[in-house]
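K.L.:
The hints should help you fit chains B, C, D, E and F with the ligands onto chain A, whose structure is shown.
Chains as they are written, first to last, in our numbering: chain A, 15 to 126; chain B, 15 to 126; chain C, 15 to 126; chain D, 1427 to 1828; chain E, 1427 to 1828; chain F, 1427 to 1828.
Simulated from the structure, these hints should not be mistaken for lab results. Be careful, since some hints might not be right.
What the hints assert, rightly or not - Under the rule of at most 27 Å between Cα atoms (straight-line distance), these lysine-lysine pairs were calculated in the DSS-like manner: (1) 16/A x 16/C; (2) 1727/E x 1674/E; (3) 16/B x 54/C; (4) 1677/F x 99/A; (5) 99/B x 16/A; (6) 99/C x 1677/D; (7) 1674/D x 1729/D; (8) 16/A x 16/B; (9) 54/A x 1677/F; (10) 1677/E x 54/B; (11) 16/C x 16/B; (12) 54/B x 99/B; (13) 16/C x 54/A; (14) 1677/F x 1729/F; (15) 54/C x 1674/D; (16) 16/A x 54/A; (17) 1677/D x 1729/D; (18) 1677/D x 1797/F; (19) 1797/E x 1797/F; (20) 16/B x 99/C; (21) 1797/D x 1727/E; (22) 1727/D x 1797/D; (23) 1797/E x 1729/E; (24) 1674/F x 1729/F; (25) 1797/E x 1727/E; (26) 99/A x 99/B; (27) 54/C x 1797/D; (28) 99/A x 16/C; (29) 1674/E x 54/B; (30) 54/A x 1674/F; (31) 1677/E x 99/B.
Said to hold, decoys possible - Here are the simulated distance ranges between beta carbons: (32) 38/C x 1808/F: 35 to 43 Å; (33) 1802/E x 28/A: 32 to 40 Å; (34) 1548/E x 118/C: 34 to 42 Å; (35) 122/A x 1813/F: 39 to 47 Å; (36) 71/B x 1503/F: 37 to 45 Å; (37) 1548/E x 122/A: 57 to 65 Å; (38) 1611/F x 1802/E: 22 to 30 Å; (39) 1579/E x 1673/F: 46 to 54 Å.
For every residue, glycine included, the Cβ atom is placed at its ideal position computed from N, Cα and C.
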Amino acid sequence: MKFIVAIIQPFKLDAVREGLSELGVEGLTASEVRGFGRQKGHREVYRGSEYTINYVPKVKIEIAVGDDIAERVVETVQNVAQTGKIGDGKIFVFELSEAIRIRTGETGEGAL
Amino acid sequence: MKFIVAIIQPFKLDAVREGLSELGVEGLTASEVRGFGRQKGHREVYRGSEYTINYVPKVKIEIAVGDDIAERVVETVQNVAQTGKIGDGKIFVFELSEAIRIRTGETGEGAL
Amino acid sequence: MKFIVAIIQPFKLDAVREGLSELGVEGLTASEVRGFGRQKGHREVYRGSEYTINYVPKVKIEIAVGDDIAERVVETVQNVAQTGKIGDGKIFVFELSEAIRIRTGETGEGAL
Amino acid sequence: MDGANTAWILTSTALVLFMTLPGLALFYGGLVRSTNVLSVLMHCFAIACMASIIWLVAGYSIAFAEGTPWLGGLQKAFLMGVGKDSLAGDLPEAVFFMFQMTFAIITPALIVGAYPERIKFGAVMLFSGLWILIVYAPVTHWIWGGGWLGGMGVLDFAGGLVVHLTAGVSALVIVVVLGSRRGFPTELRPPHNPGMTMIGASMLWVGWFGFNAGSALAANGDAGMAMAVTHISAATGSLVWLCIEWVKFGKPSLVGVVTGMVAGLATITPASGFVGPMGALIIGLAGGLVCYYAVGLIKHKLKIDDSLDVFAVHGVGGAIGTLLVAFLVDTSFGGGGLAEGMTMGSQFGVQLTGLIAVLVWSLVASFILVKIVQALVGLRVSDDEELEGLDVTSHGETGYNL
Amino acid sequence: MDGANTAWILTSTALVLFMTLPGLALFYGGLVRSTNVLSVLMHCFAIACMASIIWLVAGYSIAFAEGTPWLGGLQKAFLMGVGKDSLAGDLPEAVFFMFQMTFAIITPALIVGAYPERIKFGAVMLFSGLWILIVYAPVTHWIWGGGWLGGMGVLDFAGGLVVHLTAGVSALVIVVVLGSRRGFPTELRPPHNPGMTMIGASMLWVGWFGFNAGSALAANGDAGMAMAVTHISAATGSLVWLCIEWVKFGKPSLVGVVTGMVAGLATITPASGFVGPMGALIIGLAGGLVCYYAVGLIKHKLKIDDSLDVFAVHGVGGAIGTLLVAFLVDTSFGGGGLAEGMTMGSQFGVQLTGLIAVLVWSLVASFILVKIVQALVGLRVSDDEELEGLDVTSHGETGYNL
Amino acid sequence: MDGANTAWILTSTALVLFMTLPGLALFYGGLVRSTNVLSVLMHCFAIACMASIIWLVAGYSIAFAEGTPWLGGLQKAFLMGVGKDSLAGDLPEAVFFMFQMTFAIITPALIVGAYPERIKFGAVMLFSGLWILIVYAPVTHWIWGGGWLGGMGVLDFAGGLVVHLTAGVSALVIVVVLGSRRGFPTELRPPHNPGMTMIGASMLWVGWFGFNAGSALAANGDAGMAMAVTHISAATGSLVWLCIEWVKFGKPSLVGVVTGMVAGLATITPASGFVGPMGALIIGLAGGLVCYYAVGLIKHKLKIDDSLDVFAVHGVGGAIGTLLVAFLVDTSFGGGGLAEGMTMGSQFGVQLTGLIAVLVWSLVASFILVKIVQALVGLRVSDDEELEGLDVTSHGETGYNL
Ligand SMILES: Nc1ncnc2c1ncn2[C@@H]1O[C@H](COP(=O)(O)OP(=O)(O)O)[C@@H](O)[C@H]1O
Ligand SMILES: Nc1ncnc2c1ncn2[C@@H]1O[C@H](COP(=O)(O)OP(=O)(O)O)[C@@H](O)[C@H]1O
Ligand SMILES: Nc1ncnc2c1ncn2[C@@H]1O[C@H](COP(=O)(O)OP(=O)(O)O)[C@@H](O)[C@H]1O
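So here's chain A without its partners, still in its complex pose (with noise of 0.2 Å):
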């Protein structure tokens, strides 16, 4: 299995998900990061004192996925979430050793 963790636009969130339902991927987890990066921050200025904000809002997904579709997804995520403006965002692809769904106890794919 694997673990593919993608750091996207937060407004690409909804299309990311339906691209991956498509591809028979139900489940995943999202979360709100701060990016630091290409992409920079901005300035903002309080009774003229400045303060640089320098992340971008950013949202984390994570997806536990078989080995046999991984490819697909990290395909789908990269044409779904890409703009091609910097700040697109990066996926990551990790070895994912077991994984079990808590309701059931069932391990490994079919845990997904």
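P.N.:
Below, chains B, C, D, E and F with the ligands without anything else, positioned relative to chain A:
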């Protein structure tokens, strides 16, 4: 060492923590995530407009443990976090290459 | 490639980021987490009722790096994030199978 | 008609409405979990709307129309016969009606603090509606509407019995039948937004000027002194609570200090037109002190989950103030003086009679009402709904989408 | 000069300012995405400041100085000739000026609800400034300043036409030119903070006492009855909305109930000095019901993204109230009675004339203004700015750093 | 006794209390880090309570009882001898006492903006308590209580010197001894909740009507004109700040515009009963402009961490207004006219004398008080506490559990 990631129901966090602490696991890291899966979100209606909240709030816990107790940790999480209803969540197990305690620089299992 | 996860004190984030940028690491992803460990939370009292806040706010940073500088990244984080007090946090190192830059489709170390 | 008095009571009406919307709603809303904040605001808002209509339809008439010592007649239902030129004293009757309506709004809304995070919305509405007719309006008639307690000489300037005791006692009754929140008393969440509670408390303080000084029904020295003693008691109650927490925990809390304020205000309410600054200091002291320990008694000793301490603060505060006024009204304490022929002792007897009567009626009637509501629509949401929070499950909304 | 009336109108002025700052701002602010909340607050605040200066410079004079039936003269520009001793009726003219200023503030601020999350700040300022001079001040003159509609006998006690219809119609016009928010109607975010909306709504309710009862320009029975009917209509409108949602969705919402409140208040506004409690119940019922369905019609049928329903609530409410008053003013409905020589029918004709005149003028003038603004500074921010939110992109600020 | 005036001052009292609770508290609370929000609210609330009691015990008597030109006597301590029928002018004395109390509450609360996020709670309480007795009450006596500055003819209608200059100067003094926040000036966090700041600012604006128009102590044309000029100056100050930011940064901010509002209000305060609309425009302009640059001077040039700009806004604003009134009071600027025998020049001399006297006294006395407090309880929390935030470390509470 193993790195165990569990996505659980938010109200199970305390119980899981206690269960693990009985196993001798003293540390873990938790965060709030949005889960997409078989358990669906809910609908909200504001002034006649419908909004589908298609995620469910979940808590992600991350636990680094020695290989010896990894299995019992997984078991404990699975037992304690289980309610038997859809949406109980998943456990993912990873190989952990190295762990360092920042305060002391200790590495390996001693760092946990 | 390595994937380095560090749980640090929130007020160390800026310093760590600067330290890493001197090493040439330009990107990372941060998020807010709740830490449970040796460092304990605090007690709050409202109208005579006690509430134990048993976690401590921490920041998790995730950094994907090439194998060559991984060690120096770990060292830097450890040095910069250290205050010597309980609760300084942990660094975890994982093997990263693949990395993709969404914008360009670049893979491997070039994607970082 | 007196224009100046009218101007002040129009203003007071706005101030007292402001106490409930949004004052009390925020005061309570900040103290619950973030997944129940909207439901608390909704309880207060919906009760306010319903109470207004009920007041128009029958409540006002039951309370203030001529009738028996027990109940007013229905001749003023729907404000029948009340026009722009009708007077109540030297105020336009529409103004008096409105001013009193704001009291009929806030009193059932006070009870909201007893049952948040677990009650059915239908139960809130049904109970509150009946309660105004069966408990609030009659007791108002007894004391302010020409009824038997007023006739006996009970002193209740702005509602120690009419407002605070009725609400406090009924809160307790409803909780006993409804049961505690899941996880009470050990696994509850701390207030989700103490700042919101402080905003609400501040609005209560400001609005209370309309409540107490407005109850003089005139813009004169009575109103001025009522405002002064109200303020002094609020400040004293706050400082008492602050000092207790500072000594006990080393950390005086915002939630604590504003709770002390409400205690000081509830306690001065029945006395506000009768006592002087000295009396106000004593009442603030007593209110802060006794209510502090009452909270501990109810919640931690008796393990009754009167969630936001309605009884311990309002019920107890209203009761103490009602009893203390028998002494502090005396000129020796700087008060306005006892009524002719009264001694402190005899006045105390009268006050105690009033207190017991109102307490017993609130208790018995509320118990019956709760049982009726339980039978008709049920009181409590399911465990799952309680867990998820009432905002989503009862109202289909989320408090914070930040 | 009458001191009591002055006291009440000074108070009412504070209450009506409070309706906009922060009332309306919060009401609207809670309904948008969290990345646009500050921009909405900013719109309301900056409009309030600018409207005040425009009112001083020329608006007040256009509206209330003697002139033609169409426009007042400029002799009172900069309050020239108005000193501490100048009177307007039995009020100091400075007080009347201030009271009316608060109306000139809130009316353009109401329009803010039409265009949030996508409009340029410069466009907001330019449009609002011109609008006060071209739409608001003239219409005020027509109806309250001695102009032709007032002369015909149009009944508009506190601004059903002057305030709510002008704002509602112009809101619709601006939206049609500006276009919808990205993602409308399917992919919008729910209100980011319904509690904030409720706080604002509560302030609107309380402040509306100054708006309507203050419009009596006196502290007397007229003011008292205006306050009473205002309150009754607000409560009724709320309950109507609550019941519809309860029946339709099983979950009455906080946002719904406070929207019903605004509908009830907007609808009673033109009628508040003329009708009795019965009339208020009918108006609240009509306002709640019709506005509920109007929201659906505009947003879901016509797919017009009048984002916070300015037209459906204020425009429609103001219009209904303006028409209904022709009947409900009659003594048979408990109202104050028709003017001599008027029948319900003839009064209805007058009301309809007023409504059409104001509607047409607001529509035509606003359309021209929007086009001018579009040509001069542009209306809409870029897609990227809309996506990121106006708080950061237009104002360089972030709403919540928790 | 005049009922109408009493009605208005009762109302004004409520409005001015509302300025502090919750107005000022929110204005300040939104500007700090989220981990210090409750501590700021607590400072304001606890100071309000303590100030009330001190005012009763001795402050009012020192300020307003007959005595020497320097200090009032103690004959009115605890309101001794003041009953419901006592008058102060044509107001019940209890009303005058309460109205003035609200000023004694807000003035030390203004100073809170100087020292948030790092001060010990005990130091706040001790300093504020002493400060009311040693700085505020005496200066009030000098100017309003029959003291030497009032006798000289100093014009200070509602507290440019008494309130804003005393608070501003003392704020600066305390900061110089206390030191800057960790990370000042480069590594601070932006305001955690600008919306909260705007809510507070709006309440300040509305409440300021009570502050300035209430200072007429009557419901008449004086009050009306005071309200009008107050409003005009606030609007002008806001727009000035908005324009500066728009030109300089391209992004006018909400925090900026409301800061301009406070500058406009502080600046008009001493002048509000004396100038006309023209004067108000000039004062608003001056206040906005000068305060904008004063903020930069103090914070960025002098690197003094007067955290929420108490001196630059209140101190500077109060000073400018006090000096400008010497000219703008003249009838040639539409003002009420100079006192008999005064020229602009001589009045300016008097104003300058008053300013210097109050400035020097505030500076010297505050410095001594700060040193005493430092010696007795210490001023500053530990570095760790500052890092974690005062909410948890000083008050055992968390601001947001969302
Ligand atoms: N080395 C890295 N490790 C972890 N996350 C990274 C790394 N580099 C970038 N990121 C994440 O990816 C996001 C996008 O990266 P950025 O450099 O801005 O643009 P792009 O991916 O288009 O080159 C960043 O905001 C950050 O969250
Ligand atoms: N393939 C997946 N990868 C990552 N997280 C997942 C995956 N599938 C499910 N999850 C997480 O687990 C949670 C529970 O899954 P769900 O399908 O709702 O119920 P169950 O685990 O009982 O089958 C989801 O809300 C989501 O956070
Ligand atoms: N076994 C673990 N797995 C995951 N995270 C851990 C583990 N142990 C500790 N942590 C994280 O590290 C943080 C610091 O740990 P703690 O025991 O408090 O101090 P120290 O690292 O100085 O020994 C914790 O708050 C928690 O977030």
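K.L.:
Each hint should be assessed against the structure and marked as holding or not.
P.N.:
Going through the hints against the structure:
1. Using a Cα cut-off of 27 Å, the hinted pair residue 16/A and residue 16/C holds, with the two alpha carbons roughly 16 Å apart.
2. A hinted pair counts as satisfied when its Cα atoms are at most 27 Å apart, and residue 1727/E with residue 1674/E qualifies at roughly 18 Å.
3. Between residue 16/B and residue 54/C the alpha-carbon distance is near 24 Å, which keeps this suggested pair within the 27 Å criterion.
4. Restraint check for residue 1677/F and residue 99/A: satisfied, since their Cα atoms lie roughly 25 Å apart, inside the 27 Å limit.
5. Distance restraint check for residue 99/B and residue 16/A: the Cα-Cα separation of roughly 26 Å lies within the 27 Å cut-off, and the hinted pair is therefore satisfied.
6. Of the supplied pair hints, the one linking residue 99/C and residue 1677/D holds, its CA atoms being roughly 24 Å apart against a limit of 27 Å.
7. As the CA atoms of residue 1674/D and residue 1729/D are separated by approximately 21 Å, the hinted pair is consistent with the 27 Å bound.
8. In summary, the hint linking residue 16/A to residue 16/B is supported, as the alpha carbons are separated by about 16 Å, within the 27 Å threshold.
9. For the hint pairing residue 54/A with residue 1677/F, the CA-to-CA distance comes to about 19 Å; that is within 27 Å, so the pair holds.
10. With a C-alpha separation of about 19 Å, the suggested pair residue 1677/E and residue 54/B falls inside the 27 Å cut-off, and the hint holds.
11. The suggested pairing of residue 16/C with residue 16/B holds, with an alpha-carbon distance near 16 Å, which does not exceed 27 Å.
12. Between residue 54/B and residue 99/B the CA atoms are separated by roughly 12 Å; this keeps the pair inside 27 Å, and the hint holds.
13. Of the pairs offered as hints, the one joining residue 16/C and residue 54/A holds, with about 24 Å between alpha carbons and a cut-off of 27 Å not exceeded.
14. At most 27 Å may separate the alpha-carbon atoms for a hinted pair to count; residue 1677/F and residue 1729/F meet this at roughly 25 Å.
15. With a C-alpha separation of about 22 Å, the suggested pairing of residue 54/C with residue 1674/D holds against the 27 Å cut-off.
16. With a C-alpha separation of about 31 Å, the suggested pairing of residue 16/A with residue 54/A is violated against the 27 Å cut-off.
17. Straight-line distance between C-alpha atoms of residue 1677/D and residue 1729/D comes to about 25 Å, which keeps the hinted pair within the 27 Å bound.
18. Of the supplied pair hints, the one linking residue 1677/D and residue 1797/F holds, its CA atoms being roughly 24 Å apart against a limit of 27 Å.
19. For a cut-off of 27 Å, the pair hint linking residue 1797/E to residue 1797/F is broken: about 64 Å separates their Cα positions.
20. At roughly 26 Å between alpha-carbon atoms, residue 16/B and residue 99/C fall within 27 Å of each other, so this suggested pair holds.
21. For the suggested pair residue 1797/D and residue 1727/E, the alpha carbons sit about 46 Å apart, so the restraint of at most 27 Å is broken.
22. In summary, the hint linking residue 1727/D to residue 1797/D is supported, as the alpha carbons are separated by about 26 Å, within the 27 Å threshold.
23. Of the pairs offered as hints, the one joining residue 1797/E and residue 1729/E holds, with about 21 Å between alpha carbons and a cut-off of 27 Å not exceeded.
24. Distance check on the hinted pair: residue 1674/F and residue 1729/F sit about 21 Å apart at the alpha-carbon level, within 27 Å; holds.
25. A threshold of 27 Å between alpha carbons decides the hint, and for residue 1797/E with residue 1727/E the separation of about 26 Å falls inside it, so the pair holds.
26. Simply put, residue 99/A and residue 99/B have alpha-carbon atoms about 42 Å apart, too far for the 27 Å limit, and the pair is violated.
27. For the proposed pair residue 54/C and residue 1797/D, the alpha carbon gap of about 46 Å is over 27 Å, so the pair is violated.
28. A threshold of 27 Å between alpha carbons decides the hint, and for residue 99/A with residue 16/C the separation of about 26 Å falls inside it, so the pair holds.
29. At most 27 Å may separate the alpha-carbon atoms for a hinted pair to count; residue 1674/E and residue 54/B meet this at roughly 22 Å.
30. For the proposed pair residue 54/A and residue 1674/F, the alpha carbon gap of about 22 Å is at most 27 Å, so the pair holds.
31. With a C-alpha separation of about 25 Å, the suggested pairing of residue 1677/E with residue 99/B holds against the 27 Å cut-off.
32. Range check, residue 38/C to residue 1808/F: Cβ separation about 37 Å, and the 35 to 43 Å hint holds.
33. For the pair residue 1802/E and residue 28/A, the supplied restraint of 32 to 40 Å holds, since their beta-carbon distance comes to about 37 Å.
34. Remark: the range hint 34 to 42 Å for residue 1548/E to residue 118/C is upheld by a beta-carbon distance near 37 Å.
35. Restraint check, residue 122/A to residue 1813/F: a C-beta distance of roughly 46 Å satisfies the suggested window 39 to 47 Å.
36. In this structure the hint that residue 71/B and residue 1503/F lie 37 to 45 Å apart at CB is violated, the actual value being about 58 Å.
37. Restraint check, residue 1548/E to residue 122/A: a C-beta distance of roughly 60 Å satisfies the suggested window 57 to 65 Å.
38. The beta-carbon spacing between residue 1611/F and residue 1802/E, approximately 39 Å, falls outside the hinted interval of 22 to 30 Å.
39. Hint check: residue 1579/E to residue 1673/F, Cβ distance near 50 Å, so the stated range 46 to 54 Å holds.
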